[in-house]
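Engineer: Sequence:
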Amino acid sequence: MSDTAPVKAAPAHHAPSGGHGHSASKPALAVGAIGIVFGDIGTSPLYAFRETFAGTASIAIDRMHVLGVVSLIFWSMLLVVSIQYVTILMRADNKGQGGSLALVALLSKHIGKTSYGWLVVLLGVFATALFYGDSMITPAISVLSAVEGLTVVDQGLEPYVIPIALALLVCLFMLQARGTAKVGALFAPVMIVYFTVIAALGGWQIIQNPDIIWALNPYYAVMFFVTDGLVAFLALGAVVLAVTGSEALYSDMGHFGRGPMRLSWFGFVMPCLLLNYFGQGAMIAGLPADQAAEVVKNPFFLLASEEFRLPLVLLATVATFIASQAVISGAFSITHQAVQMGFLPRLNIRHTSETEGGQIYIPFVNWALMIAVILLVLTFQNSSNLASAYGIAVTGAVTIDTLLMAVLLVGVWKWKWWYAAPVVLLFLIVDGAYFAANLTKVPQGGWFPLVVGLVAFTLLTTWARGRKLMRERMSEHALPMEIFAKSAKNSALRVPGTAIFMASSNSGVPSALLHNIKHNKVLHERVVILTIDIQDEPYVDPEARCEFTDMGDGFYRAVLHYGFMEETNVPLGLKKMERCGGEFDMMHTSFFLSRQTLLASDKPGMPIWREKIFAWLLRNSASAMDFFKLPTNRVVELGSQVEI
1 MSDTAPVKAA PAHHAPSGGH GHSASKPALA VGAIGIVFGD IGTSPLYAFR ETFAGTASIA
61 IDRMHVLGVV SLIFWSMLLV VSIQYVTILM RADNKGQGGS LALVALLSKH IGKTSYGWLV
121 VLLGVFATAL FYGDSMITPA ISVLSAVEGL TVVDQGLEPY VIPIALALLV CLFMLQARGT
181 AKVGALFAPV MIVYFTVIAA LGGWQIIQNP DIIWALNPYY AVMFFVTDGL VAFLALGAVV
241 LAVTGSEALY SDMGHFGRGP MRLSWFGFVM PCLLLNYFGQ GAMIAGLPAD QAAEVVKNPF
301 FLLASEEFRL PLVLLATVAT FIASQAVISG AFSITHQAVQ MGFLPRLNIR HTSETEGGQI
361 YIPFVNWALM IAVILLVLTF QNSSNLASAY GIAVTGAVTI DTLLMAVLLV GVWKWKWWYA
421 APVVLLFLIV DGAYFAANLT KVPQGGWFPL VVGLVAFTLL TTWARGRKLM RERMSEHALP
481 MEIFAKSAKN SALRVPGTAI FMASSNSGVP SALLHNIKHN KVLHERVVIL TIDIQDEPYV
541 DPEARCEFTD MGDGFYRAVL HYGFMEETNV PLGLKKMERC GGEFDMMHTS FFLSRQTLLA
601 SDKPGMPIWR EKIFAWLLRN SASAMDFFKL PTNRVVELGS QVEI
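Residue numbers are given in full-length UniProt numbering: position 474 of the sequence shown equals residue 474, and the series is strictly consecutive.
Because the hints were derived from the structure by calculation, they are not lab data. Certain hints may be false.
[Unchecked claim] Below 20 angstroms or equal to it, Euclidean Cα-Cα: the simulated PhoX-like pairs (lysine-lysine) are:
{"id": "1", "residue 1": "K109", "residue 2": "K603"}
{"id": "2", "residue 1": "K468", "residue 2": "K109"}
{"id": "3", "residue 1": "K441", "residue 2": "K486"}
{"id": "4", "residue 1": "K629", "residue 2": "K575"}
{"id": "5", "residue 1": "K468", "residue 2": "K612"}
{"id": "6", "residue 1": "K521", "residue 2": "K486"}
{"id": "7", "residue 1": "K576", "residue 2": "K518"}
{"id": "8", "residue 1": "K489", "residue 2": "K468"}
{"id": "9", "residue 1": "K603", "residue 2": "K468"}
{"id": "10", "residue 1": "K518", "residue 2": "K489"}
These figures come from a predicted structure and were not determined experimentally.
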């Protein structure tokens, strides 16, 4: 934290209602969404059906159990993905943006400082923390499950599975710094081919054994629980793998828009996935028990005839590569949001495209994910072991989103409680059952996303709390700007040029200005106090970007407003300050920044262990000069000390 940290204020300026507009046509955006958004949920057929039978204790492979499992997959996809996320939550956009943090920002604007407002924020932050565990497991399990298809082609290739998977994953992370603009155009065609192929493979098996269509009837899902209650409950822990990526659909809404994503889901992706799942069920149900027991170990690749299995392995590998890319990009995006909203310190954020503002690269996140993914592959060894770790992060985030949805329905959309209660209760029962089933996997690997989530949650909340305490301590000793301006009017020597002092607050004198007077004994002809204000909206209307106030005697106060999805490029913002009454010549402008050093104190604040974490985050945060894109030869940095 420093005087230069962005400040969050009550929203005063609003982006156009459309949010970050989409210029392409709805069908074109729907096609683009297939290539970017649906990779995670689209690659679930590689392991979801297999893990339900092969990974759960003693599910008998017979007609009733196969129909029960396929029915559970169908109704899970219908309730969780189609209704909860695509139909309901996608209506809850924050100026076009979705995701847990965007939803929290939206709710915060409406519920204000209510007694439960803090709980809403904590829930959203914890859902975000769980996403980091998901973003580590998804590349590992996806790529591993695809490469494991080689063992279906030739069992002798098994020793090469892990080396090949690791090589692909390392390449994936090494490519991130270059951005995806050049290869991104290939994502949609490849994924369309992938979805078409898996639909055709499943459809052919359904033709061979149309009896599987009975799984559309929820009777078979219910009877699964009636006849095998405990086994059916445990099976939910694997069935939920079929809906992994549902939260990502909501998070990625800002890239393509609600309408195109609904079109691509209902019109193409969901039918293709259901055809494949029903096809896997039809194939298993049509085999003798002993043969089915072997086939169920990798039914996805055995849908194809022998000569087409290697091409299917290659196609699935490319699809999992694309799915992993989408998850990594999502981690970059959500980290950027967290930085802008004050939950993480400044990080080195690079934009990899001159035309697409959302394409960013964060080195620290990239390398941390790569190390975690490599360790996961080496530790768990195969996708079946990783499946135990996968579900708990997803179901935890989905359950939290259901709780936030309850606040949304009543607090924002103003539903009567007797309308909202049945809807929320239905989804809490469904999502809660999935989460509870996955808690049984904690000893087998479910501990990993929980540990990652708790560590991330601690970092996010510690930074937010530490910043709040620093602002309070600094404001306690802040000198009002009006008093300072009057006292400095005749007491300080004025020199030519403009000095911009960046401040984290709209009131008070920045410590950098006080230290400049103390050490240099001079003031510039124009002294501008500049505050960066991050709004609870993804984008700010360019016409409402700036404020510029003349306080007299050569002192000015300026504010640049940004949304939490925008890049805070201060020189570019100052160029547009003319419309607000300010004009800046960068060759005659100097930027003065303040960097605080923490001092331990007896004042109530945070436990000492959290203070140490906050101090570590503060020391390792990116410089304000780099974060705000300030010209390096025009920056002066002054230090100060703060007790918290």
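Engineer: Would you check the hint for K109 and K603, treating anything up to 20 angstroms between C-alpha atoms as holding?
Structural biologist: 31 angstroms, violated
Engineer: For a C-alpha distance cap of 20 angstroms, please report whether K489 and K468 respect it.
Structural biologist: Measuring from Cα to Cα gives roughly 32 angstroms; hence the hint is violated.
Engineer: Would the pair K576 and K518 pass a check requiring their Cα atoms to be no farther apart than 20 angstroms?
Structural biologist: Since the Cα atoms of K576 and K518 sit roughly 32 angstroms apart, the hinted pair is violated (cutoff 20 angstroms).
Engineer: Measure nothing beyond the straight line between the CA atoms of K468 and K612; if it is 20 angstroms or shorter, mark the hint as holding.
Structural biologist: 16 angstroms, holds
Engineer: With the threshold set at 20 angstroms, check whether the alpha-carbon distance from K518 to K489 stays at or below it.
Structural biologist: 15 angstroms, holds
Engineer: Just to be careful, I want the Cα atoms of K441 and K486 compared with a cutoff of 20 angstroms; is the pair within it?
Structural biologist: Distance ~67 angstroms between K441 and K486 Cα, so the pair is violated.
Engineer: Hint check: K468 vs K109, CA-CA at most 20 angstroms. Holds or violated?
Structural biologist: 19 angstroms, holds
Engineer: Quickly compare the C-alpha distance for K629 and K575 to 20 angstroms and report which way the hint goes.
Structural biologist: Status holds; Cα separation ~13 angstroms.
Engineer: Holds or violated: K521 with K486, Cα cutoff 20 angstroms?
Structural biologist: 16 angstroms, holds
Engineer: Take the C-alpha atoms of K603 and K468, compute the straight-line distance between them, and say whether it is at most 20 angstroms.
Structural biologist: 14 angstroms, holds
Hint check: violations occur at hints 1, 3, 7, 8; the rest are consistent with the structure.
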